[in-house]
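Participant: Residues per chain are reported as follows:
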Amino acid sequence: MSLLSLLIFLPLVAGLLILILPSAWQQRYKYISLAAVGIQIIIAAFIYLNFDGNTFSGIDVQAKYQLVERVPWINLNLGRLGYLQIDYFLGIDGLSMPFLVLTSIVMLIAVISSWEIKTNLKGYFALLMLLNTAVLGVFCALDFFLFYIFYELMLLPLYFLIGMWGGVRREYAAIKFFLYTLFGSVFMLLVIIGLYFSVTDPVTGNHTFNMLYMMNPANYVQGSLFSTIANQQLFGMSARLVGFIVLFIAFAIKVPIIPLHTWLPDAHVEAPTPVSIILAGILLKIGGYGTLRICVSIFPDAAVQSAWWLGLIGVVSIIYGALNALAQKDLKRLIAYSSVSHMGFVLLGIASVTAEGISGAMLQMISHGFLSTMLFFLVGVIYNRVHSREIHDFRGLALLMPKYTAFVMIAFFASLGLPGFSAFIAEAFSLIGAFTSESVNGLLPRWMAIAGSVGILLGAAYLLWTLQRMFFGETRLMGGEDWRLKLTDINGREAFALASLTVFALLLGIFPSLAFGKMNASVLELIRLVNLK
Amino acid sequence: METFIQGNLSLLAVVAALLPLLTFLGILIPSKSSRGASLAIFNIAVSFLISAILFFKIWNAEPIQHEINWFTIGQTTFKAGILLNNLSVLMLLLVSAIALLVHIYSIKYMEGDAFLYRYWAYLGLFCFSMLSLVITDNLLLLYMFWELVGFSSYLLIGFWFTKESAALAAKKAFIMNRLGDLGFLTGIMIVFTQFKTLNISELFNEGGLVLSAVIQNGLWLNGTNQMPSIWLTIAGLAFFFGAIAKSAQFPLHTWLPDAMEGPTSVSSLIHAATMVAAGVFLLGRIYPLFDATVLMVIASIGAFTALMAATIALTQNDIKRILAFSTISQLGFMMIAMGVGAYSASIFHLATHAFFKCLLFLAAGSVIHEMAHVKAKSGLDFDHQDIQNMGGLRKIMPVTFITMALASLALSGIPFTSGFLSKDAILIQAFEWSDGQSIWAKLIPYAAFLTSGLTSFYIARLLFKVFFGSFRLQNLSKNIQLHEAPNAMKYVLMVLAVFCLFIPFSQNPFDYNSAWIFKEITGLEPAHEVQSNYHLFIPVTVSILTFVLIYLAYTWYGKRLAGPDFSKNPLFRFAQKQWYFNELYTRLFVNGTTGLSAISFKFDRLVVDGLVNLLGKIGVLFAATSGWFDSYVIDGLVNGIASFAKTIGNFARHLQTGRLQHYLLTMVLVVLTFFVIKLFFPGI
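Residue numbers (the working numbering), protein chains in the order written: chain A, 1 to 533; chain W, 1 to 684.
Keep in mind that the hints are not guaranteed to be accurate.
Restricting the straight-line Cα-Cα distance to at most 20 Å, the calculated cross-link-like pairs of lysine to aspartate or glutamate (EDC-like) are [claimed, not checked]:
#1 W:Lys377 with W:Glu484
#2 W:Lys617 with A:Glu481
#3 W:Lys602 with A:Glu171
#4 A:Lys329 with W:Glu484
#5 W:Lys163 with A:Glu171
#6 W:Lys442 with W:Asp609
#7 W:Lys602 with A:Glu474
#8 W:Lys163 with A:Asp393
Keep in mind the hints are simulated off the structure, nothing from the lab. Only a predicted model underlies this, so the values are computations on that prediction, with no experimental measurement involved.
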C-alpha cells in the first residue's frame, strides 16, 4: 500500500476502531484519534521533506506528480455509451502537497481542542476521523469522479458535527451549510458529466474522468460540449465559460465569496470549537485549491476571460468582510468575517495569474489555515470557561490571563499581517501580483491591488479595537467574581497547541521559501498552462 | 582581530542588530521575569560598540553590501541583505548610542514598575527593528522593519495598558501608521512592477535603474517595461505618504501627541530621536525616485506641518505635549530640506535634532519623575506634567536645568550650538532654492523662518515656566522636598548635553559647510555651492529674532510680569485645540468607518442573508404546497379510486345474503328480464 492511500485511510481505520470499541472506553477515543493524527503528521512530514518541488511540477502531466497511484477502479461496459472508466488516481504536486501538511497540523489542533467535547464521544470522534479522510482525499485525488466522492463525503460528517455538537442555533446553521454546499456541488456534477463525455483517454480512447486529460485541449472529442475548438453555446454563452462559472460557484461557496458567504458566520459560530477550526483551517482552502486545480487548470481560457470579475469579487470580499468584522459584537463572528476578508486575498491573487499572485494566494491559504485555527482555538478557551464570547462582556483580561493575552496578541498581529508572520508575505505578494498583472498580462487593473490593500488597514482596525476593548484597561467582567475565578490562564495542553501554531506562522513568515520552494515550479507550470490557452 | 573585523563587517552589523532581539526573546520566552535590565543593557552596549567599530571602518570608505537568497517566486529571487554606506552607519551609530543612553536612564526612571521586564523586552524589540531598518538593503525588508518599529512603538505606548488613554493612544498610533504603510506598499508595488527588483542599490545608485529610466511621450520606460508616467509621481507620493505617517507630518500627525502616554524614556528614544526620523531616512534612501512634483509636495507639507505644529506648541501646557509638537515641527524642517533638495542638510538636522530632542525629553522626564514623586508623597491631586504647576526648579535641579537649557538653545538655533548649524543649512538652502520659483514656492522658506521664531518662543516659555519663578505647589504643602535626578539619569543628561554643542559636529561654529556629516552625506545632486547673501543675512536675522523672542518670553514667564491674556483669543483657542484635527478625524473617519461597517452588516443580515433565508422559506413553502398537493390531490385520487372500489364492493356484498329464496328470486328476475328484452328488441 502506498503512502498517500495510507495517509488518507489511516484516519478511517481509526474511526472504525472507535466504532468497534465498547463505549466503556470512551475516555480513550481521544487518544486513539490523537495517535492517528500523530502518525498522519509523521507521514505528512516525511512527504514534505521528500517532496522535490523542482522535479514534481505536476499540473497537467502525470509523470510530474509525486507518489502517483493509479489503479483501475470501476470499469463497466455500457454498450453503445462506451466503456465507463474510473480510476483510483492519486498524486501530489506543489499545489496539493502543502495542504496535506496543513491538514495534518490543523487536525492535530482540532483533536487537542476536542478535549472539551463531553457528550456522545463515540459518534463525535468517528465522524471527525471520517472527515479527516475525506479532506485528505480531496487534496490527493486526480480523477474527477474520485474527487467528487471525497468532496461530497466531507458534507456528511460536517452536517452532523455541527448539528449535534453545536451551539443554540446549530440545526439552522447545519442545514444552511449543507444546502449551500450541496447547491454548488449538484451543478458541479453536471459539469463533471459534461466533461466526461467531452474528454477521452488518449491511450484507451474511452471517455475519462481523469483531470489531467481534461487539461489538455487535444483530448477533447471533436464537436463535444466543452471542446475548445467547437465553441458550443449554452444559454447564449460559450459552454466552456458556463462550465467554468458553475465549477467556480461550487468552489466559491466554500471559499467563500461575497455574496455566497452567509453560511460561514452561522456555521462557524454555531459549530463546536474543533469544528470551527477545521472549517476555517482546511475547508475554506478546498475552495481555493479547487479553483486552482480544477477551474483554472481545466478551463484556462474561461479563467482568463473572467479574471476581471474574479479580481473584483476578491476585492469586494476583502473590504466587505473587513467592514462586517468591524461591526461584530461576538468575537467568534468577528473572526468568521475576518476569514471572508482574508480569503478575498486568495481570490485576488489567483485572478492575477502571475507567479507572485498565485504564490501569494497559496501562502495566504496556508497561513490563514494556521492563524484562523489559532484564533478559533483562542475563542474556544474563554468560551469553555465562562460560556460567553461577547466582546462587551470582557475588559482588562490582560491582567487576569497574561499568557492567554500574549497568544491573543500574537494571533491578532499575525492576522493583521505583521511582518515576521506568514500572513504578511502572503498578503503582500497577493497584492503585488495583482498590481503587476496589468503590466504582465493585462488581466487586472492596478486600482484593484490598491483597493485590496485597504483591507490591511481595516484588519488592523477591527483586531486592535477588539484587543483594546477586551484585554486592556482595568479588569471588569460581565459575570463578576464568579467569572474571575473561572477565567484561569491557559493550561499546558492549550499552550502547546498555541505555541506550535505560532512557530509555524513564524517559520513561514521568516523563511517563506519553506513553502515557495516546494510550490514554485508548479505555480510556473500552471501559469504556462493558462498562457497556452 | 583586525583582519577578522575587516573581513566580517557585514556579519558584525547583523550581530549588532540581532543582539537586542536576543534581549526580547531572552526575557519573554522563559517567562521568568527577574532579569531584564542587565541583559538589555549589556546587549545594547555591545551593539553600540559594534556600531562604533563599523562606523569608523566604513565612514567614507567603500560601501559594503552583502546578501543571501531569501526566497524565489516565479523567476524573481528575493534577497535578504545589508547595505552599509555613510548613511546607514551614521544612523546605526546614532540609534545605538541614543538607545544605550536611554537604557541607562531607564534603570532609575522605570524603577519599581510591576511589568518592568516587559519594558526591557519591548525596548529590545524596538532597537532590533530600528537597527535592522537602517542597514537593510532592500525595500521589502525595509518595509518589514518599518512595520516592526511601529509594532514595538505600539507596545511601548500602551505599556501602561490598564490606563484607558494609553490603550487608545497605542491603537491610534498603529492604525495611523498602517494607513501610511498602505502608501509604502503601493510604492513597493509600483517599483517592483517597473523594475522587477527591490534592491536599494540596484534601484537608486548612480547609474541605477531609477535614474536610467526615462519619460517619453507620457510613458515611464525601463527597458521593455513601461507604465504611464503618472505612476512615477504616484510612486513618489506613495512612499512619501508612508513617511508622513511615520514622521508625524500633516495630515497624519495626530498620533504623536497622543503617543506621549508611553513612558517618557520611550517618548525620548522612539517618538523624538529615532523612529519618527525613519520617515526622513526613507526619503533619503529612495531620493532619486522623486520628481519635481513630488519634491514640491514634500516641501509644502513639511513647511505647513512645521508652522502648524509650532503654533500648537505655543499654547500647550503639558510639558511632553509641547515637546511632541516641537518634534513634529522639527521633522517638518527635515521634510522641507528634503523637498528643496537640501538632502545633506536634512540628514544633518536629523542627527543634531536626535540629540537635543532626546535630551529635552529626558530632562523633562527627570522633572516629571520628581513631580510624580511629590504627588505620591504629598497626596495632592494635580497634573504632574502641567508646566503651570511647576516653577523655580533651577535651584533644586541644577543639572537638569543646565542641560535642558543647552538643548533648548540648540533647538532655538542659537550660535555655538549644533542646532544653529543644521537649521542654518536648511534655511539658507531653502531660500536659495526659492529664488526664481513661483510665489507658492517662495512661501516655503518664509514659513520655515517664521517657524524658527515661534520655536524659540515656545521653548523659552517652557523653560522659564518650569525653572524660573517659585515652585507653585510649595504654598499648598510645606513638607514637599524636591531632589535632583538620580545619578544614572543625571549623567545621561550630561553626556547628551555635549552633543548639543557645535564641537562634535563641526570645527567652525558658524559654517555648516565644514560640518562632517553635511560634507559626507551627499545626495546624488551636488550640494549648492552658490555663495549668496543668504549666508550672512539669514543667520544674523534669525539670531536677532531669536534673542528678542527669548527676552520677551523671559519678561512674560521668567520674571512673571503680567503677560497678555490670550485665552479669549479665537486664534489661541484654535491652536490650543490643535487645529481641531482630532475632532475632525473622529467625526469624519472614525465615525464614518464604524457607520459604514454598521450599514454593511445590516445589509449583510437583512439583504444577503435575508435573501438566503427567503429562498429557504420559499423552498419550505414550495415543499408544503407540494406536500398538500401530494396528500390531497395525488393521494386523494389514489384514495378516491380505492374508496370507490370499496363502495362497489360493499354494494355487491349486500347481494350475497346466503338465502336460497333471494337467489331464486334473482334468477327469476334475470330470466324474466331476458325474455322481456327479447320480446321488445327482437334484433339484439
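Participant: Each of the hints needs a verdict: does it hold here or not?
Facilitator: Hint-by-hint comparison with the structure:
Between the alpha carbons of W:Lys377 and W:Glu484 the distance comes to roughly 16 Å, so the proposed pair stays at or under 20 Å and holds. A threshold of 20 Å between alpha carbons decides the hint, and for W:Lys617 with A:Glu481 the separation of about 44 Å lies outside it, so the pair is violated. Of the pairs offered as hints, the one joining W:Lys602 and A:Glu171 is violated, with about 23 Å between alpha carbons and a cut-off of 20 Å exceeded. Using a Cα cut-off of 20 Å, the hinted pair A:Lys329 and W:Glu484 is violated, with the two alpha carbons roughly 51 Å apart.
The suggested pairing of W:Lys163 with A:Glu171 is violated, with an alpha-carbon distance near 43 Å, which exceeds 20 Å. Distance check on the hinted pair: W:Lys442 and W:Asp609 sit about 59 Å apart at the alpha-carbon level, beyond 20 Å; violated. Annotation: proposed proximity of W:Lys602 to A:Glu474 is violated, straight-line Cα distance about 32 Å (limit 20 Å). Distance check on the hinted pair: W:Lys163 and A:Asp393 sit about 19 Å apart at the alpha-carbon level, within 20 Å; holds.
Violation of the numbered hints given earlier is confined to hints 2, 3, 4, 5, 6 and 7; the remaining hints are satisfied by the structure.
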